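Asks: Those protein sequences? They're chains A and B, same order as listed.
Mapping the first sequence onto the numbering used here, position 104 (from 1) lands on 110, and the numbers just tick up by one.
Mapping the second sequence onto the numbering used here, position 13 (from 1) lands on 967, and the numbers just tick up by one.
Hints were generated in silico from the structure; no laboratory data involved.
Computed from a predicted structure; not experimentally measured.
Treat each hint with caution, since some may be false.
Claimed, not checked - No farther apart than 30 Å at their CA atoms in a straight line, the calculated lysine-lysine pairs in the DSSO-like style are these:
#	chain 1	residue 1	chain 2	residue 2
1	B	1062	B	956
2	A	438	A	470
3	B	956	A	482
4	A	170	B	971
What the hints assert, rightly or not - To list a few chain A residues with every Cβ distance to chain B over 12 Å, as calculated:
#	residue
5	70
6	96
7	164
8	170
9	209
10	396
Glycine residues also receive a C-beta, built at the ideal position from the N, C-alpha and C atoms.
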Amino acid sequence: MIGTTGLIFNEPLLWEMGAEGRTAFSIPARDVPELPLDAALTGDGPDFPDLSEPEIVRHYTRLSQWNLSVDSSMYPLGSCTMKYNPKTNERQAGLPGIADAHPLLPVALSQGLLRLMFELERWLAEITGLDAVTLQPAAGAQGELTGMLIFHAYHADLGGPRSKILIPDTAHGTNPASASLCGYAAVPVPSGPDGILDPETVARLMDDETAGIMVTNPNTLGLFEREIRRVAEIVHDRGGLVYADGANMNALLGVAHMGAMGVDVLHLNLHKTFSTPHGGGGPGAGPVCVTRALAKFLPVPRVLEKEGRFALSNDFPHSIGKLHAFYGNFGILVRAYSYILSLGSMLEQVSRYAVLNANYIKAGLRDDYHLPYDRPCMHECVFSDKRQLAYKVSALDIAKRLIDYGFHPPTIYFPLVVSGALMIEPTESESKETLDRFIEAMRAIAREAETDPELLHQAPRNAKVRRLDEVQAARKPCLMG
Amino acid sequence: MKEIDELKFPEDVYYSKDHEWARKEGDLVTVGISDYAQDQLGDIVFVELPEKGSKLKQGEEFGSVESVKAVSELFMPVAGEVVDINGGLEDSPELVNNEPYDGGWMLKVKPAGADPFGKLMDRGAYLAMLKG
Chain A
7 MIGTTGLIFN
17 EPLLWEMGAE
27 GRTAFSIPAR
37 DVPELPLDAA
47 LTGDGPDFPD
57 LSEPEIVRHY
67 TRLSQWNLSV
77 DSSMYPLGSC
87 TMKYNPKTNE
97 RQAGLPGIAD
107 AHPLLPVALS
117 QGLLRLMFEL
127 ERWLAEITGL
137 DAVTLQPAAG
147 AQGELTGMLI
157 FHAYHADLGG
167 PRSKILIPDT
177 AHGTNPASAS
187 LCGYAAVPVP
197 SGPDGILDPE
207 TVARLMDDET
217 AGIMVTNPNT
227 LGLFEREIRR
237 VAEIVHDRGG
247 LVYADGANMN
257 ALLGVAHMGA
267 MGVDVLHLNL
277 HKTFSTPHGG
287 GGPGAGPVCV
297 TRALAKFLPV
307 PRVLEKEGRF
317 ALSNDFPHSI
327 GKLHAFYGNF
337 GILVRAYSYI
347 LSLGSMLEQV
357 SRYAVLNANY
367 IKAGLRDDYH
377 LPYDRPCMHE
387 CVFSDKRQLA
397 YKVSALDIAK
407 RLIDYGFHPP
417 TIYFPLVVSG
427 ALMIEPTESE
437 SKETLDRFIE
447 AMRAIAREAE
457 TDPELLHQAP
467 RNAKVRRLDE
477 VQAARKPCLM
487 G
Chain B
955 MKEIDELKFP
965 EDVYYSKDHE
975 WARKEGDLVT
985 VGISDYAQDQ
995 LGDIVFVELP
1005 EKGSKLKQGE
1015 EFGSVESVKA
1025 VSELFMPVAG
1035 EVVDINGGLE
1045 DSPELVNNEP
1055 YDGGWMLKVK
1065 PAGADPFGKL
1075 MDRGAYLAML
1085 KG
């Protein structure tokens, strides 16, 4: 077995451990006189667990060991860019002047923080080839909503709001939801036979009621939209705008400019491409980059620079308004700033290695798994369970078995255009040795599918919990502890 | 997922290209999704149906099914007015998986027009489409 041995600690709930009166610290001796308290203010204290320090440390260490995380293993969750998060980013974000800054500090006392935001905006503009940036959106989907609000504001400003948005079937699943939330009807655009957009299909669907198109490039098949410039021309000719979902930007850093592709609005996921922590519902950041013509619609407040001093301004009458308390998830912005500063011009290597790694996996697994679109891929590759289905083994079984080999599963059943999809995104973080171990594990699973399908149906066998009943959890969710 | 030969396709219903079925029951038409559709979707966890009284065109979206894999839209196999919906699916969406043509029915529709099944397929034509 690659990468696993099998010892996992059980661990009770905190309240089931310890003993009354046990503590992990001593309260300092009281140095003020004792005074009577109003009875209304007194009562039983909160029901905290009574634990010693080693009990607490072991408790959380053990719980953390039940996880597969990017700090413990390769996490090839396609579309999510689960790259390693360098620890230096945490160190910078934890500096007292940054971590302890209050969001209501006066501008005069926040010059360093404002400079950080201003410079990050400039860098993201340079990286994407667009002109102006807001750092406010809290995640990718809120970035999409911001983009749709800007689309709406643009057409309303011209006196003719529009009602529809074109969305390719290879776009990210949140795109139609974001468009609907803004009141647009989502019009699906089928991709062509080679998995990318056909400009003629776009030309047929694009009309004067359509606000524009939401494209993911590279798309969710991991393929570069080669016709993006023609698509953008068609959309622009009919008065529409082009939105690019930048969730897959890890393929293009320093290699291709979104602005040059004809993109008007783009969101970035700092928690994907720029290595800030990701997943578990924690804070993300989805900055939105726009062309100069759309800059006046960006959310407020915006950071302005004048003679080396930085200020916040709400004086943008066309702005779509405010999307997040204060200035967005600032701590996440610091981590992305640190990441970009650490790599500098080497950011381009990030994308080159990410694309190389995905193609290496594609080449390594093509003899064992069905490859629905056999083209050089970008930063992720999409296989399907077609061959394994002959043995009644599905993408879900393959994904669960991969846990037994010590790898986080890839994304499965997405994109929807591939039945039984296995979407693998290794990111640039993984070494050739790790990629080889992953390929070896996937090949072993393909052999097991033929010889012992039951083993796969029962997987995972070595994890803390076996196959979870996802169906029952969705049908009859238990929302109590 | 099963082979086509392992799935059930009754003779007494008509099928749409989107894998819904429609069965004539007196003056009404009962609507659901085919055994092929439920098998492709996998375990269904939620079914969203329209309000009673909705008037929908053929091919128009009438609701959605959510499975552990994805959310899929449902399209009207016949045009007409929805006179009843299967409220039991709210608590037991698995009926669509277990009894797609019986307990898993979704709508009862008062059809509009003289030949509601005109554009639909019989069992033979539907099977031919599936085997493509």
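Asks: Flag every earlier hint the structure violates by its number, smallest first.
Replies: Number 10 - this is the single hint that the structure violates.
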